[in-house]
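Please build the complete structure, drawing on both the sequences and the hints.
Line by line, the protein sequences are chains A and B.
Start counting the first sequence at 40; every next residue gets the next number (our numbering).
Start counting the second sequence at 40; every next residue gets the next number (our numbering).
Honestly, the hints are just simulated from the structure, not real lab data.
Mixed in with the good hints, there may be bad ones.
Since copy identity is lost for identical chains, a pair holds within one copy or between any two.
[Claimed, not checked] Below, computed lysine-lysine pairings styled on DSSO-like, alpha-carbon distance capped at 27 Å:
#, residue 1, residue 2
1, K92, K50
2, K181, K73
3, K106, K181
4, K43, K72
5, K172, K92
6, K106, K172
Below are the chains, spelled out letter by letter.
Protein chains: 2
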Amino acid sequence: MEEKLFDYLSKYIEMTDEEKKAITDLTIFRKYKKGTILLKEGQYSDTCYFVIKGCLRCYYIIDGEEKTTAFYTESESLNPLCTVNGQRSEHFVACVEDSILVVSNAEMEEIIFRKFPRFETLCRILCEELLAKSRAEFDEFKTSSPEQRYLNLLQSRPDLLQRVPQYQLASFLGITAQSLSRMRNRIMVESSHNAA
Amino acid sequence: MEEKLFDYLSKYIEMTDEEKKAITDLTIFRKYKKGTILLKEGQYSDTCYFVIKGCLRCYYIIDGEEKTTAFYTESESLNPLCTVNGQRSEHFVACVEDSILVVSNAEMEEIIFRKFPRFETLCRILCEELLAKSRAEFDEFKTSSPEQRYLNLLQSRPDLLQRVPQYQLASFLGITAQSLSRMRNRIMVESSHNAA
Chain A
40 MEEKLFDYLS KYIEMTDEEK KAITDLTIFR KYKKGTILLK EGQYSDTCYF VIKGCLRCYY
100 IIDGEEKTTA FYTESESLNP LCTVNGQRSE HFVACVEDSI LVVSNAEMEE IIFRKFPRFE
160 TLCRILCEEL LAKSRAEFDE FKTSSPEQRY LNLLQSRPDL LQRVPQYQLA SFLGITAQSL
220 SRMRNRIMVE SSHNAA
Chain B
40 MEEKLFDYLS KYIEMTDEEK KAITDLTIFR KYKKGTILLK EGQYSDTCYF VIKGCLRCYY
100 IIDGEEKTTA FYTESESLNP LCTVNGQRSE HFVACVEDSI LVVSNAEMEE IIFRKFPRFE
160 TLCRILCEEL LAKSRAEFDE FKTSSPEQRY LNLLQSRPDL LQRVPQYQLA SFLGITAQSL
220 SRMRNRIMVE SSHNAA
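Structural data, given as structure tokens:
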């Protein structure tokens, strides 16, 4: 399990055996069954997640209806807003699949940063990247039609379309399940016409 | 000008005179006239901005039409995606008002971080906050109707409604200028009925 995390980090820094051992010693790897709810609306939490294997889903319940806003898969991390503002969570986090996660909090991060300051540099750089990407994704959502969003997803995260239920995907794209189904059929018909 | 930046940073750390001097010495403060374009689509750039005074706007030109996706006002920072992925920018950044900005890049940050490592800690913490907030704003956009988005903005950033042109605000809210105008009129009529 550790190897997947080290592989990811090695894109940014070459890690020493001592650094690897310090991370392994924290025993931050956890396995969760599909359907496990990691965070509920109204809860306080300081826990952050990095996905080694599996898929997390962030969703809200509004007027009794689930609204899925984000999915996190391999090598993606999730720091819920409640971990930085100290308030109750407004959303849920659940495992869409059986998942292996790195589970950490600010206290554990500080232990590592104090011992290995360059990990803090790494975290800052990763976080700056994630922030810029998150804003660009938001921009893309604002400037695209639902059909364009679906086609972009087909390009950028094709695996997601197979991994998550259609009603969650629809809500993630900002449309109804019926619209998504009609759109998929139309796109399939068009692409078979183009192929003929 | 420096004082505004130091005021903001002092919410997180007490700064020494030496630290303040090091930042002042970098002469990172710049004044720009309303309408100045700081970044164009297709350009490479490594420049990041922190708003001391004024307002920046991020927008795309799609099929000949401007699509505004974000505004940055006092004490907000903008690291365009091109500064982290090294590719050409897909969007524009312009000054909506006469603005005073902190203008920096990774190289200047590194000089400061090497001299004062706790600034790196500060930047990491700020960035984690911004990332969580950015994702929460994205969630809010996905789970709200245009009218709710407008009412939320009225609550969270009432100044923005006075500061930016209506067509930019409409696009920022994901609606047409006509829809925004109709919505504003309806809300005004409703609130005057409620007040009566």
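The hints, checked one at a time:
In this assembly of identical chains, the alpha carbons of K92 and K50 lie at most 27 Å apart only when taken from the same copy (18 Å versus 38 Å across copies). Taking the closest pair of Cα atoms, K181 and K73 come within 27 Å of each other only across two copies (25 Å); inside a single copy the shortest separation is 31 Å, beyond that limit. For the identical chains of this complex, K106 and K181 are neighbours both inside a copy (17 Å) and across copies (8 Å), given an alpha-carbon limit of 27 Å. Taking CA atoms no more than 27 Å apart as the test, K43 paired with K72 passes inside one copy only; the shortest distance there is 19 Å, against 49 Å between copies.
Proximity of K172 and K92 under a CA criterion of 27 Å is satisfied in both settings, with 21 Å inside one chain copy and 25 Å between copies. Both within a single protomer and between protomers do K106 and K172 lie at most 27 Å apart by alpha-carbon distance, with minima of 22 Å and 18 Å respectively.
Checked against the numbered hints above, the structure breaks none of them.
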